[in-house]
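Participant: Can you build the whole structure from these sequences, using the hints too?
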Amino acid sequence: MIASKTLTLSSLAPAIHRTRNQPPSPFLPFHPLPSSPLRFLGLGSHGSNKPLSARCASVPAMDPPSDASSDDTVEDLLTKGDRIERLMKMERRAEPPPLAEEVRGRRWFPYIDVFRSGTVEVSSREVVDALDPYIMDARKERIRRAVANRSYSVCLVVEGLTDFGNVSAAFRSADALGVQSVHVISCGGSKRYRDNRHVSMGAEKWLDIELWNSPSECFTALKKRGYRIATARLGTDSASVYELDWSQPTAIVVGNEHMGISEEALSLSDLHCMLPMKGMVDSFNVSVAAGILMHHAVCDRVSRLGHHGDLMPEESEILLAEFYLRHRESTISIVHEYAKRKAEKLSAKL
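Position 123 of the sequence shown, counting from 1, maps to 123 under UniProt numbering, and the rest follow consecutively.
It is possible that part of the hints are untrue.
As the list claims (entries may be wrong) - Here are the simulated lysine to aspartate or glutamate pairs, EDC-like style, with alpha carbons at most 20 Å apart: (1) K140 to E315; (2) K89 to E329; (3) K224 to E210; (4) K224 to E264; (5) K140 to E314; (6) K340 to D129; (7) K89 to E263; (8) K278 to D237; (9) K223 to E263; (10) K345 to E126; (11) K140 to E317; (12) K89 to E317; (13) K89 to E126; (14) K342 to D129; (15) K349 to E210; (16) K89 to D132; (17) K224 to D282; (18) K140 to E329; (19) K340 to E121; (20) K89 to D129; (21) K345 to D129; (22) K342 to E121; (23) K140 to D129; (24) K224 to E91; (25) K223 to D270; (26) K224 to D237; (27) K345 to E121; (28) K278 to E243; (29) K342 to D132.
Said to hold, decoys possible - Derived CB-CB ranges, DEER-like: (30) V120 to G306: 37 to 47 Å; (31) I292 to A138: 29 to 39 Å; (32) D129 to T236: 53 to 63 Å; (33) S117 to S247: 17 to 27 Å; (34) G235 to R125: 47 to 57 Å; (35) S240 to V114: 41 to 51 Å; (36) D129 to M312: 18 to 28 Å; (37) R125 to V302: 27 to 37 Å; (38) E314 to S240: 35 to 45 Å.
It should be emphasised that the hints constitute simulated quantities derived from the structure, not laboratory data.
Note that the Cβ used here is the ideal one computed from N, Cα and C, for glycine as well.
Facilitator: This is the structure we're talking about:
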């Protein structure tokens, strides 16, 4: 992949002037550039205009941590698979058999309405009720807004990437665009990643990340879940991304920074798609391509369906509980205490 390494300030000025004077796009609402840093744009940022004394006085028993400093960095998650298992809290749905009727014509949702604390089962509603007093109102509103805009109808698959920076940037784009499910295929020598630039801004904390050893293993699971596999590549057999119907459950696959998509992945995919190139270069940086593909998929879904987020009310409740549980490590102990009291009440009634 060929990436531009230089961007001059003079080239930015006309673009900024045009952006400020053009009418807003239907998919990208125009907002004036803020004068303060953009830290508040990430899900985990906590900017405030209040004086320090006022903020300190209003801090509850559990104030939100900075997601960017989370222990679960992209490097740790991709090199220590058990961290990913610990990241997901609610019980996972069993994998469907091939061509299962339950996934035909509908998109996959990975969770069931159970959080397990030993032998005690706690519902998503109970999780939310137990944790609600310990989370700041602004934080709760932000989490609810993120959940309302989440979808499993589009998922991202990155195959064989060797640069943590590219993986992190792709994760960050997925979170920003409401793509909840991301998959990483580590093939051969590419399992040894390099250059972790920590650019995900804590996005990995809020995503469902799954690791796979091969394209075959990954694609088989995704097809069972009802996804069609769309690999990004330049070629005469590739359809323009602008010609595809993204309202169907689709897995977007991007490949290695240097070699692109593997032959195995190409042969197992349902279709090939490409971003039409109008300049002298013939490819985007892989994380940029992933971001553009996901953004167009979201825009196409909004155009066709009127929305991108498409969770059913009961699914939203479960994902809300999942996000509450991921809020910080201590939330788990609070729910375990709730489960303990629940078990004691049940025993007292017997």
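Participant: Would you list, in rising numerical order, the hints stated earlier that this structure does not obey?
Facilitator: 7, 15, 17, 26, 33
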